[in-house]
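Asker: What follows is each chain in one-letter form.
There are 2 protein chains.
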Amino acid sequence: MVEAVENQSPHHVVIVGGGFGGLYAAKALSGAPVHVTLVDKRNFHLFQPLLYQVATGTLSPADISSPLRAVLSDSKNTKVLMGEVKDIDPQQRKVILSGEELIYDTLIVATGVSHFYFGNEHWATVAPGLKTVEDALEMRRRIFMAFEAAEKETNPEKRRAWLTFAIIGGGPTGVELAGAIAELAYSTLKRDFRNIDTAEAKILLLEGMDRILPPYAPELSAKAEASLQRLGVTVQTKTLVTNIADNIVTTKQGDKIEQIPARTTLWAAGIKASPMGKVLAERTGAAIDRVGRVIVESDLSISGHPNIFVVGDLASFSHQNEKPLPGVAPVAMQEGEYVANLIKQRIAGYSMAPFQYVDRGSMAVIGRNAAVVDLGYVKFSGLFAWLTWVFVHIYFLIEFDNKLIVMLQWGWNYWTRKRGARLITGDEVIGKVGIDANGDYYVPLKSKETVEV
Amino acid sequence: MVEAVENQSPHHVVIVGGGFGGLYAAKALSGAPVHVTLVDKRNFHLFQPLLYQVATGTLSPADISSPLRAVLSDSKNTKVLMGEVKDIDPQQRKVILSGEELIYDTLIVATGVSHFYFGNEHWATVAPGLKTVEDALEMRRRIFMAFEAAEKETNPEKRRAWLTFAIIGGGPTGVELAGAIAELAYSTLKRDFRNIDTAEAKILLLEGMDRILPPYAPELSAKAEASLQRLGVTVQTKTLVTNIADNIVTTKQGDKIEQIPARTTLWAAGIKASPMGKVLAERTGAAIDRVGRVIVESDLSISGHPNIFVVGDLASFSHQNEKPLPGVAPVAMQEGEYVANLIKQRIAGYSMAPFQYVDRGSMAVIGRNAAVVDLGYVKFSGLFAWLTWVFVHIYFLIEFDNKLIVMLQWGWNYWTRKRGARLITGDEVIGKVGIDANGDYYVPLKSKETVEV
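If you read the protein sequences in the order shown, they are chains D and W. The working numbering puts the first residue of the first sequence at 2, with every later residue one more than the last. The working numbering puts the first residue of the second sequence at 2, with every later residue one more than the last.
FYI, nobody ran anything at the bench for these hints, they're computed from the structure. Check the hints yourself; a few may be wrong.
Note that identical chains are pooled: a pair holds if it fits in a single copy or bridges any two copies.
No farther apart than 20 Å at their CA atoms in a straight line, the calculated lysine to aspartate or glutamate pairs in the DMTMM-like style are these [to be verified]:
1) K77 - D256
2) K77 - D193
3) K87 - D441
4) K239 - D211
Predicted model only: the values in this text are computed from it and were never measured.
Go ahead and model the full structure; you've got the sequences and the hints to work with.
Answerer: Shown next as structure tokens:
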């Protein structure tokens, strides 16, 4: 089964990871005098900025995903390989997968990051994060299951816990999740239940810093907080989560310790590098930062390894500003395209100026008609910001064949305030509200091991 | 936690199952002087006739599902309860769920049927059937994973096995699956792979009877077979499957025994009653047929239990023709509405004539532009039949808020021949092509227990 790639000439570029960084590198190399192999564990590219809409029942996974083979079907010099990279060997220019090996001339690593629980990894089962399609479906399952359990629960106190949603982390993902859940509880689901008033739901957004959306300008953080409060979200800043256990979130605000009974806790706080970061560090001696991201040269290569590049969230690039570039899609796209061009230039015998990120601004959506946009030279919020947000996301989805559907789905949901994708799915066990020994309702955790029915 | 329904008057109708039978009964009882409780394991109604489009990557689960609470949110006399019925007690008019009980005045059971492997239940893991959303995603995973494995496989013989799809059962589901997979292999995926030619895929439709679509008129079976063959499907009738093991399907055609290496085997053959059939038989003494369906009176009630009704696939109604009505959506809808009206009449002090199914015809879709339609008085096939099929399905989806999206998705897929929902999803383990001890590729089975990676 083990086979090296049959043909070493032309120049072979191996790209690991089909996210924004890897995919944009591959697209930019389409038609170049190189042979490209894009390796990904999954068979699709995920438009992650919209993943929170899957988690909250507005869109389906397929609406924000595109099969990598379909996106690259016209790039005849590009092969897509579904597989997982286990190791690399820079001396022999080898990428080692389970069952096969690839010999590269140039390697681009774009495997991104995953959640980080700051040393409390056991929180992962009780407070799921949002990185993959499966993560989103798990969040969706817990959110909607919580309303179902509340509808069954007769004890007011327990019912309150089912209707309390704690979102940990006030970055864009946390803000977007909180806004979407508020809209669910206060408008979408309002008329669907008979025993409970979903408007009694409590949505908490917990942020450790002194304001939400810390990377943004302070006035936008303030605007975002105001819009969230208008939507009914309780925003608590300077609040650290010290424990999550037995459906109770323990927080520390200054010296104020609080214990919040919440049956649904969602994680939008920390990130850590994907395993390839460690592999690169060990095999190339690359320096990594505190969350394991690979510190790259001004051309995104690894020091001492001019033919190995790291792009996207996994790369820590701090040649432009003192603090590294943020882990957002635009950075990954530009980095991927830069490295693709650099490879083309090299082959043509030219060199390239260092990578420069062009910041077209950042934005976060809070809810229907509400968003904040920071274009650097101008900052605004409200409906116009929301329209900008919609436009930009549609524009980038245009890469993919499903943008039309997504646009219409949005329009449809916008006018009807309906959310068609409110399915609770999963296997027989996790697809139901369980009853424990005390006759209390519970929502089974994802892993079967932890379920006793 | 155990609570009987708080209020016994007005008349309480408990409906078990939110499929076509149960949902149409609930809708027909909306506004009637009764209190309705609809119990379902899932929180959504599934438009099952289109499930094969999820299994083959055209539609997403949410496109063909509607949250039961949303569909019934305007039926103020109706409560939706997410739960599973364990037992019933006709003497005390009780429906027993895990954790609660309901007291009914009238009970409607509409829990449908599931797959039946004719005593070879162990085939379930190797030849999944198509009843639930999870079933469809599992089929989708296996179908697209098979192409991925073929792309990796270098041994021509093994590669052929990966590109062989055996569909067992020549009813509408089998025909629709075979047609859709043929379109995938011969058109949609054609340009997406580099090592394999997907057009080399072999799609087998295996039927035990002497023709496919046995319930239809012979000339339509012939037309359907011809269209399937034009699409590239190999149709084998009078063919019994005697074994499925080690990726080999053993068939018997007359005395001809054949062993077909196929890595993907899909089950569209037998059905058996859902567990409620057995419960009803034990508790009410109802007679059941050979697949466990409950034999009902001419008013769809159970003999000796005028306040217990069975509708939809679970009911065996043979008062109209010698053979029982087929297990199709239109029968379930009409039965559900009939019982709802009967209840209203009874409360008003009137009686109803026996149930009469109005057969508006049956149809099956074979592929893009190809379908067969049998309206009884007229039979036709081809593009016009396909348009009729599309129209009828859209018409019935109109019950649901997502019909617009589905229509557009179809139009989109129709013109682009693209399939956006080609995602291979599942957990870390099953989401990948595995490598076994001999270094051979394999697609992990659904249940983790059976996976050694």
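Asker: Each hint should be assessed against the structure and marked as holding or not.
Answerer: A quick look at each hint next to the structure:
1. K77 - D256: neither (61 Å within a copy, 48 Å between copies)
2. K77 - D193: Intra 51 Å, inter 10 Å, cutoff 20 Å: inter-copy only.
3. K87 - D441: between (44 Å within a copy, 18 Å between copies)
4. K239 - D211: within (5 Å within a copy, 74 Å between copies)
In summary, the one numbered hint that this structure violates is 1.
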